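All residue numbers for the sequence shown refer to the working numbering, where the first residue is 279 and numbers rise by one.
Don't take every hint at face value.
[To be verified] DSSO-like, lysine-lysine: derived pairs with alpha carbons at most 30 angstroms apart: (1) K369 <-> K325; (2) K344 <-> K325; (3) K344 <-> K431; (4) K344 <-> K369; (5) K325 <-> K280; (6) K441 <-> K431; (7) K441 <-> K323; (8) K369 <-> K323; (9) K325 <-> K431; (10) K431 <-> K369; (11) K441 <-> K325.
[Stated by the list, open to error] Pair by pair, the computed Cβ-Cβ distance ranges are: (12) Y366 <-> D319: 17 to 27 angstroms; (13) G376 <-> L352: 12 to 22 angstroms; (14) D290 <-> D378: 17 to 27 angstroms; (15) G402 <-> G322: 31 to 41 angstroms; (16) G402 <-> A321: 31 to 41 angstroms; (17) G322 <-> Q281: 30 to 40 angstroms; (18) E311 <-> G376: 18 to 28 angstroms.
These are calculated hints, taken from the structure and not from any lab test.
These numbers were taken from a predicted model, which means no experiment stands behind them.
For every residue, glycine included, the Cβ atom is placed at its ideal position computed from N, Cα and C.
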Amino acid sequence: MKQVTRAGVPVDVAGAFPAVGQAAPPLTLTNIEMADVTLADYAGKRKVLNIIPSVDTPTCATSTRKFNELASSLDDTVVLVVSADLPYAAKRFCGAEGLDNVETLSTFRHPEFHRDWGVALCSGVMSGLCARAVVVLDEQDRVIHGELVPEIKQEPDYEAALKALG
279 MKQVTRAGVP
289 VDVAGAFPAV
299 GQAAPPLTLT
309 NIEMADVTLA
319 DYAGKRKVLN
329 IIPSVDTPTC
339 ATSTRKFNEL
349 ASSLDDTVVL
359 VVSADLPYAA
369 KRFCGAEGLD
379 NVETLSTFRH
389 PEFHRDWGVA
399 LCSGVMSGLC
409 ARAVVVLDEQ
419 DRVIHGELVP
429 EIKQEPDYEA
439 ALKALG
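Build out the structure end to end from the sequences listed, making use of the hints.
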């Protein structure tokens, strides 16, 4: 079991975080239209998964805004913001913020994502949510970058994620 921290307090994280070079684990998540999607729905595109606990927290909101800004300059790339938030909440947040370069996806019907992707917070007050992480996939769904952010209140390394995209 891995650990990250939240305000310096250790939090256990279960599951195997995807390693660079490996095929992405399967996923099924729910979009804002309440439809389930898989990686096949983004076939042929590079994918940046911005995995967050909730858009209703300051750091998660900031990273979603930042990836929305960065996504506008990325060719053949989709930015997927993954959280346990209900699709309604994610849609409301993106609408209020004017964010249209990211796609929000929810784990609410598919909690297996948390363990399958190695981001299952399983201790502390945020147990049941996703740890903060970024995983970048190439067009064939191979992992080309991964960051399990060591402190939940810290933003991810945007530059490293962009560098992986070339």
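Next on the checklist: Need the status of pair K325, K431: alpha-carbon distance at most 30 angstroms?
Outcome noted: holds (23 angstroms)
Item to check | Distance restraint between K441 and K325, which requires alpha-carbon spacing of 30 angstroms or less | outcome: Cα-Cα ~13 angstroms, so holds.
Checklist entry - Does the structure keep K369 and K323 at a Cα separation of 30 angstroms or less? => result Since the Cα atoms of K369 and K323 sit roughly 23 angstroms apart, the hinted pair holds (cutoff 30 angstroms).
Checklist entry - Holds or violated: 30 to 40 angstroms for the Cβ distance of G322 and Q281? => result Holds, at about 36 angstroms.
Checklist entry - Within 12 to 22 angstroms or not, the Cβ separation of G376 and L352? => result Roughly 18 angstroms apart at Cβ, these two residues keep to the hinted range, so it holds.
Checklist entry - Falls inside 31 to 41 angstroms, the C-beta gap from G402 to G322? => result holds (39 angstroms)
Item to check | CB-CB spacing for G376 and E311 relative to the 18 to 28 angstroms hint | outcome: holds (19 angstroms)
Checklist entry - Is K344 within 30 angstroms of K369, Cα to Cα? => result The given pair, whose Cα atoms are some 17 angstroms apart, holds under the 30 angstroms limit.
Next on the checklist: Range first: 31 to 41 angstroms. Now tell me if the beta carbons of G402 and A321 are that far apart.
Outcome noted: holds (37 angstroms)
Checklist entry - Does the structure keep K441 and K323 at a Cα separation of 30 angstroms or less? => result holds (16 angstroms)
Item to check | Pair hint K369 and K325, alpha-carbon separation not exceeding 30 angstroms | outcome: holds (20 angstroms)
Item to check | Proposed proximity, K280 with K325 (alpha carbon, max 30 angstroms) | outcome: holds (25 angstroms)
In the structure shown, a violation is registered for the earlier hint numbered 14 alone.
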